[in-house]
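Asks: Spelled out, the chains give:
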Amino acid sequence: MSCKSCNLERKELSPDVTWKDITEGGTIADAGNAVLIKTGEWRSKRPVWLKDKCKQCLLCFPVCPDSSIPVNSEGNREDFDYDHCKGCGICVKVCPFKAIDFVDEG
Amino acid sequence: MAIRERMSGNEAVAFAMKQINPDVVAAFPITPSTEIPQYFSTYVSNGEVDTEFIAVESEHSAMSACIGAQAAGGRAMTATSANGLALMWECLYIAACSRLPIVMAVVNRTMSGPLNIHNDHSDSMGARDSGWIQLYSENNQEAYDNMLMAHRIAEHPSVMLPVMVCQDGFITSHAVENIELVEDDKVKAFVGEYNPVHYLLNRDNPISMGPLDHFTHTFEHKRQQAQAMMNAKNVILEVAREFEKLTGRKYGFFEEYRTEDAETVIVVLNSTAGTVKYVVDQMRKEGKKVGLIKPRVYRPFPVDEIASALSRFKAIAVMDKADSFNAAGGPLFTDVTSAMYAKSVFGPKVINYIYGLGGRDVRTDDIELVFNNLLKIVETGEVGSVYNYLGVRE
Ligand code: SF4
Ligand code: SF4
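So the sequences go chain by chain: W and A. Heads up: the first sequence runs through residues 1 to 106, numbered per the numbering used here. Heads up: the second sequence runs through residues 1 to 394, numbered per the numbering used here.
Hints were generated in silico from the structure; no laboratory data involved. Take the hints with a grain of salt, since some may be wrong.
Said to hold, decoys possible - Mimicking BS3-like on lysine-lysine, the simulated pairs with C-alpha atoms at most 30 Å apart in a straight line are: (1) K20(W) <-> K18(A); (2) K288(A) <-> K349(A); (3) K38(W) <-> K222(A); (4) K53(W) <-> K38(W); (5) K20(W) <-> K233(A); (6) K20(W) <-> K222(A); (7) K288(A) <-> K233(A).
To be verified - Reference excerpt, derived from the structure (chain W facing chain A, CB under 10 Å, subset only): (8) T23; (9) G32; (10) N33; (11) P62; (12) P65.
Claimed, not checked - On the chain A side, residues computed to face chain W include the following (Cβ under 7 Å): (13) S98; (14) R99; (15) L200; (16) H214; (17) T216; (18) E220; (19) A342.
Keep in mind the model is a prediction, meaning the values are calculated, not measured. Every residue gets a Cβ at the ideal spot worked out from N, C-alpha and C, and that includes glycine.
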């Protein structure tokens, strides 16, 4: 992906960008790139979706601070986005059907 | 035709700001720079400028507002002194590392404590490593001229760094002197429009500024910032050449005064250079080979140029209106001697005088004493004490 008006590639986010190529002052040259940073690596606890118990009530996805519970076009939740889930456990607390287990990250 | 006027250093700076007509001025009053936002707010209420004037509640907010305005894509300016500059501390670094070419007038005043409103350079010297370009001014004319050149330097695509223009509190800021002003339309043409490549209010190219920047990237950003400071050297000279064409007034990294055949020189910033010039003239009449080097550009520090200029002399006194409290010498002394060592200039003997702290008057006989000491060093080859206080009661 690149930024339309300035031709800056997303290379500024790569860990091997040189000081000559990095954007000035750490400016992020285009929007919506949080998805590129895998913040899920910080997680110490992992939510586990128990599909059999899930009633698709959808109380969990709006409370996730990291938008890590995807909802498909049929309006059903899918499995967690572990690249970005930080393991805060809010969804675990919210689920009325104990359909989310919470386990230690290996 | 240039306009002949008489005004104080503060009015000269405010007048330059009026001619520049920036998008935003955010300032908080502090002696002795208070008059700058005071004059400027009058221009605003008289409709003489289009500027949004933000009367903030502190200097921290003043610099923060300038950062926001400049990041949004505007041209932002402010003015401060002493503890006001200190209260901006964290924001100074953020402005520089975010590459926001803000221009600030600093009216030098001693840092408290003890509480004292008078002039020395402890405020801007404390900010010398914050990443700002620092220009120093001997008098109202130089403060005005430096302000007119500041945006051109700051906003140059290879620089993009903030600039502070320093002048001595009260001595320059409140003394009314003759001045030559440039016409409004010429200033407008010289300073030009600010057209940043990236800015927050650009809907076609949304960006984020000031994000978290861990060890994976910060080091590269610092290296890039260091390059910008190196690039500033050429830009400062280019802008000065253009300014000379406009006004006939010549500026470089430093001014040399009667140094052609000098054996001893004083290196000093700002208004004291004027006193030194007077003493040089007097002592020259007695056949003494004395001269002056007055740095104008302190950040970036012109290492090669200053070391090469100083290599011609036998004895040099670097005078600091701020102490580093390192038990060794003031900041200008440390930079000058480091430059000489790095460039293998080992010939001249160099000593340091801390002078004028808290606004202590520096008289012509103080300067004579310094020159006489230098001449004695040349004669005897004995340096004696390197780190000295000038004119303190013993
Ligand atoms: S644990 Fe927290 S971050 Fe992970 S999916 Fe649940 S609410 Fe979202
Ligand atoms: S709150 Fe529990 S039951 Fe409801 S959709 Fe989420 S996981 Fe399924």
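Asks: Each hint needs a verdict: does it hold in this structure or not?
Replies: Cross-check of the supplied hints:
no. : hint                : verdict
1   : K20(W) <-> K18(A)   : 37 Å, violated
2   : K288(A) <-> K349(A) : 18 Å, holds
3   : K38(W) <-> K222(A)  : 24 Å, holds
4   : K53(W) <-> K38(W)   : 29 Å, holds
5   : K20(W) <-> K233(A)  : 19 Å, holds
6   : K20(W) <-> K222(A)  : 11 Å, holds
7   : K288(A) <-> K233(A) : 34 Å, violated
8   : T23                 : 8 Å, holds
9   : G32                 : 9 Å, holds
10  : N33                 : 8 Å, holds
11  : P62                 : 24 Å, violated
12  : P65                 : 16 Å, violated
13  : S98                 : 4 Å, holds
14  : R99                 : 4 Å, holds
15  : L200                : 10 Å, violated
16  : H214                : 10 Å, violated
17  : T216                : 5 Å, holds
18  : E220                : 4 Å, holds
19  : A342                : 23 Å, violated
Hints 1, 7, 11, 12, 15, 16, 19 from the list above are not met by this structure, while the remaining hints are.
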